[in-house]
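Peer 1: So the chains spell out like this:
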Amino acid sequence: MTGRTLYDKLWDSHVVHVEQDGTALLYIDRHLVHEVTSPQAFEGLKLAGRKPWRMGSVVATADHNTPTTGWERGIAGIEDPIARLQVETLDANLREHPAKAYFPFLDKRQGIVHVIGPESGATLPGMTVVCGDSHTSTHGAFACLAHGIGTSEVEHVLATQCLVTKKMRNMRASVEGALGRGVTGKDVVLAVIGRIGTAGGTGCAVEFAGSAIRSLSMEGRMTVCNMAIEAGARAGMVAVDETTLEYLKGRPFAPAGTEWDQAVATWRMLASDPGAKFDREVVLDAAAIAPQVTWGTSPEMVVPVEGEVPDPDKEKDATRREGMERALAYMGLKPRTPIQSIKLDKVFIGSCTNSRIEDLRAAASVVRGKRVAANVRLALVVPGSGLVKAQAEKEGLDRVFRESGFEWREPGCSMCLAMNADRLESGERCAATSNRNFEGRQGAGGRTHLVSPAMAAAAAIAGHFVDVRAWR
Amino acid sequence: MEKFTILNGLVAPLDRANVDTDAIIPKQFLKSIKRTGYGENCFDPWRYMDVGQPGMDNSRRPLNPGFVLNQPRYKGAQILLARKNFGCGSSREHAPWALQEYGFRCIIAPSFADIFFNNCFKNGLLPVVLTESQVDQLFYDSALPGFRLIVDLEQQTVATSDGAKVFRFEVDPSRRHSLLNGLDEIGLTLRRADEIRAFEARRREQFPWLFR
Chain S
1 MTGRTLYDKL WDSHVVHVEQ DGTALLYIDR HLVHEVTSPQ AFEGLKLAGR
51 KPWRMGSVVA TADHNTPTTG WERGIAGIED PIARLQVETL DANLREHPAK
101 AYFPFLDKRQ GIVHVIGPES GATLPGMTVV CGDSHTSTHG AFACLAHGIG
151 TSEVEHVLAT QCLVTKKMRN MRASVEGALG RGVTGKDVVL AVIGRIGTAG
201 GTGCAVEFAG SAIRSLSMEG RMTVCNMAIE AGARAGMVAV DETTLEYLKG
251 RPFAPAGTEW DQAVATWRML ASDPGAKFDR EVVLDAAAIA PQVTWGTSPE
301 MVVPVEGEVP DPDKEKDATR REGMERALAY MGLKPRTPIQ SIKLDKVFIG
351 SCTNSRIEDL RAAASVVRGK RVAANVRLAL VVPGSGLVKA QAEKEGLDRV
401 FRESGFEWRE PGCSMCLAMN ADRLESGERC AATSNRNFEG RQGAGGRTHL
451 VSPAMAAAAA IAGHFVDVRA WR
Chain X
1 MEKFTILNGL VAPLDRANVD TDAIIPKQFL KSIKRTGYGE NCFDPWRYMD
51 VGQPGMDNSR RPLNPGFVLN QPRYKGAQIL LARKNFGCGS SREHAPWALQ
101 EYGFRCIIAP SFADIFFNNC FKNGLLPVVL TESQVDQLFY DSALPGFRLI
151 VDLEQQTVAT SDGAKVFRFE VDPSRRHSLL NGLDEIGLTL RRADEIRAFE
201 ARRREQFPWL FR
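Protein sequences appear in the order of chains S and X.
In this text, residue positions in the first sequence follow our numbering: the first is 1, and each later residue adds one.
In this text, residue positions in the second sequence follow our numbering: the first is 1, and each later residue adds one.
Take these hints with a grain of salt, some might be off.
[As the list claims (entries may be wrong)] Listed next, with one range per pair, are the computed distances between beta-carbon atoms:
no.	chain 1	residue 1	chain 2	residue 2	range
1	S	407	X	131	49 to 55 Å
2	X	16	S	337	19 to 25 Å
3	S	72	X	193	43 to 49 Å
4	S	316	X	144	24 to 30 Å
[Unchecked claim] Here are a few chain X residues that sit away from chain S, every Cβ distance over 12 Å (derived from the structure):
no.	residue
5	5
6	10
7	40
8	72
9	76
10	78
11	105
12	134
13	144
14	145
15	155
16	160
17	165
18	168
[Said to hold, decoys possible] Chain S regions said to be covered by chain X (calculated; three or more residues, Cβ under 8 Å):
no.	segment
19	15–25
20	48–60
21	71–84
22	142–150
23	195–209
24	416–425
25	432–446
Since the hints were derived computationally from the structure, they do not count as laboratory data.
Ideal Cβ positions, reconstructed from N, Cα and C, are used throughout, including at glycine.
The shape of chain S in the complex, shown without the other chains (with noise of 0.2 Å):
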């Protein structure tokens, strides 16, 4: 029998059933919940006359709603009626249904379910995670198997615990070397993404391998896997190694004791083979990464730092130069303008992408003693949880960007997606360090350009982009 990788090891164990075209009925051992995806399962499960299986399973938050200011007034600083109600329902649903855990809006532990999965120790390795959002890929990062679904998959996995999938194929990008000073794991994956596009990934599961991605920490790792999905690849991994069982250890949904041992004997096997096939193999050499800045309005429309827009006129291909000249136009961009002479307007540090401690201590130490240019009109900090905004303020970090300029906000998704009342203005340019930097994500009109913690925060004090590695 030839090796097995990762992502082999994991969908095997987990088969309860498969029909003969391959389709297969596999099972769910943590279903993360949130408000947004939820409400129509929930409903279509009561109209149904079902029960939910295992709410042992769920671990559920409200984030996508949430407002970043205002939380003194309680439910009423939600001031979205509408969007007060999603959060209403999530609460009334979880009251019906008890889960293994819920952080409820205004609750310490609440925060980005893909940043309070992991930090409660509700992900480990070896799970199977679901959630209804695409960015469950974060928590591959953990050796899981973790990946978005839609409502009607919630509702399945709610009533069944198992979900209907066919295996995707495997494919790993490596990343070998070291990095250099100032480039992080969201520079690996946007450098990944520029390299296999946006669909590069699509119907397989990324293995992050190379020493790179070893020399990174869970925070990191959980930051490319994050953005498996941008490459299309709806799971992206990691193998188990130290970093990952030192980073569980002792949290509260961890094993412990002698169970803790038992559970580690088991993790240290989630590693592909030697001699594992992958269908699909990408190398990229860590030295050569510099820090990456989006230019256009797909992830994959991404350059370095030191870097200049590019001329569509040099495209061959038609559909892509159109591709390219309509992200031009929406983000108002000439060709060939250096990165580095780009005008920022906003600066936004959080999403699931970057919103962790390390993230923000990242950020904090390039501003720390400096101020935001006076062309940046709002720099934001939203904390992915409760808890990464408790240990901030602990080592001082919100002081720091408090006397720089920038907003320290409650934590929630805040502008990555701008559901809430954080948001673009239409023309208004930002540095983020979310994932999308599609048309209108952060608010009608708005323009995105992704960046690393580091990058968005140097960014946000000199009010253009600059490189991070050269700053003092």
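Dock chain X against chain S, hints included.
Peer 2: The following block gives chain X in isolation, referenced to the frame of chain S:
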């Protein structure tokens, strides 16, 4: 779920790659707790000149004359012809809900994003993958006013009305079966409840920490 067997429908071409689900249905409409009410806001940022908000009277909003679906000739279109990586980005099932409520029953493209592709099948909306060159030919043909296609799920074919072109497409047998018969997937899975329970019991014994 609504059945899908055979569809003879008007074709509307949307000639851009990487259409994301944020464009199909923007975030401000995701605050609803209902499964319906998204059709009038399908492609909202491209379809209207102003920025849409929930609760607006959409019939009074200024339409974007430059957006292809606003052309009178595509009124009533049931087949959307699209480019590669259609439906990328967010997993929001509101996207297929919006497309279906708009009137589409089938989307033809050279490739789809995985989660969107899945979501379509759960809602009786058929995503059909054809080759780039076949899709190119259909884009060319769609310049003809009143261009229609016949999508036959039983036969797994897309054909022009005159039968001059017949393209075969692939679809998983189990998905095809569910769609042809409009089956309730949860009901089907629950027929295997004993198997799931047995699997779960073994797993609980082997990995008790997953069940704490």
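Peer 1: For every hint, state whether the structure bears it out.
Peer 2: Okay, the hints, checked on the actual structure:
1. Checked against the hint of 49 to 55 Å, the pair residue 407 of chain S and residue 131 of chain X passes, with Cβ atoms roughly 50 Å apart.
2. A C-beta distance of roughly 23 Å is found between residue 16 of chain X and residue 337 of chain S, which places it inside the suggested range of 19 to 25 Å.
3. Here the CB-CB span from residue 72 of chain S to residue 193 of chain X is close to 47 Å, well matched to the stated 43 to 49 Å.
4. For the pair residue 316 of chain S and residue 144 of chain X, the supplied restraint of 24 to 30 Å holds, since their beta-carbon distance comes to about 29 Å.
5. Residue 5 of chain X, annotated as away from the interface, keeps every beta carbon of chain S farther than 12 Å; the closest lies near 20 Å.
6. At roughly 24 Å, the least C-beta separation between residue 10 of chain X and chain S is larger than 12 Å, which holds for a residue marked as non-interface.
7. At roughly 16 Å from the closest C-beta of chain S, the C-beta of residue 40 of chain X stays outside 12 Å, upholding its exclusion from the interface.
8. Listed as outside the interface, residue 72 of chain X is consistent with that label: its C-beta sits roughly 24 Å from the nearest C-beta of chain S, beyond the 12 Å cut-off.
9. For residue 76 of chain X, the requirement that its beta carbon stay farther than 12 Å from each beta carbon of chain S is met, with the minimum near 27 Å.
10. No Cβ of chain S comes within 12 Å of the Cβ of residue 78 of chain X; the nearest lies about 21 Å off, and the non-interface call holds.
11. No beta-carbon of chain S is positioned within 12 Å of the beta-carbon of residue 105 of chain X; the least distance is around 17 Å.
12. The non-interface label for residue 134 of chain X is consistent with chain S: the shortest C-beta to C-beta separation is roughly 15 Å, beyond 12 Å.
13. Remark: the non-interface label on residue 144 of chain X is consistent with the geometry, its nearest Cβ contact in chain S lying 21 Å away (cut-off 12 Å).
14. Distance check on residue 145 of chain X: its Cβ is at least 24 Å (rounded) from any Cβ of chain S, clearing the 12 Å threshold; non-interface status holds.
15. For residue 155 of chain X, the non-interface assignment is confirmed: its Cβ lies about 18 Å from the closest Cβ of chain S, beyond the 12 Å cut-off.
16. With a cut of 12 Å on Cβ distances, residue 160 of chain X stays outside the contact zone with chain S, its closest approach being about 23 Å.
17. Distance check for residue 165 of chain X against chain S: the nearest CB is about 21 Å away, which clears 12 Å, and the non-interface claim stands.
18. The beta carbon of residue 168 of chain X sits about 17 Å from the closest Cβ of chain S, which is more than 12 Å, so the claim that it is off the interface holds.
19. Counting residues of the segment 15–25 of chain S whose CB falls under 8 Å from any CB of chain X gives 8; the rule of at least 3 is met.
20. Coverage of the segment 48–60 of chain S by chain X holds in this model, with 5 residues showing a Cβ closer than 8 Å to a Cβ of that chain against a need of three.
21. Check on the segment 71–84 of chain S: 3 of its residues sit with their Cβ under 8 Å from a Cβ of chain X, so the three-residue criterion for coverage holds.
22. Given a C-beta distance limit of less than 8 Å, the hint that chain X covers the segment 142–150 of chain S holds, as 4 residues qualify and 3 suffice.
23. Restraint check on the segment 195–209 of chain S versus chain X: 4 residues with Cβ-Cβ distances below 8 Å, three needed, restraint holds.
24. With 3 residues bearing a CB less than 8 Å from a CB of chain X, the segment 416–425 of chain S meets the requirement of three and the coverage assertion stands.
25. Here the segment 432–446 of chain S counts 7 residues with a CB under 8 Å from a CB of chain X, which clears the bar of 3, and the coverage holds.
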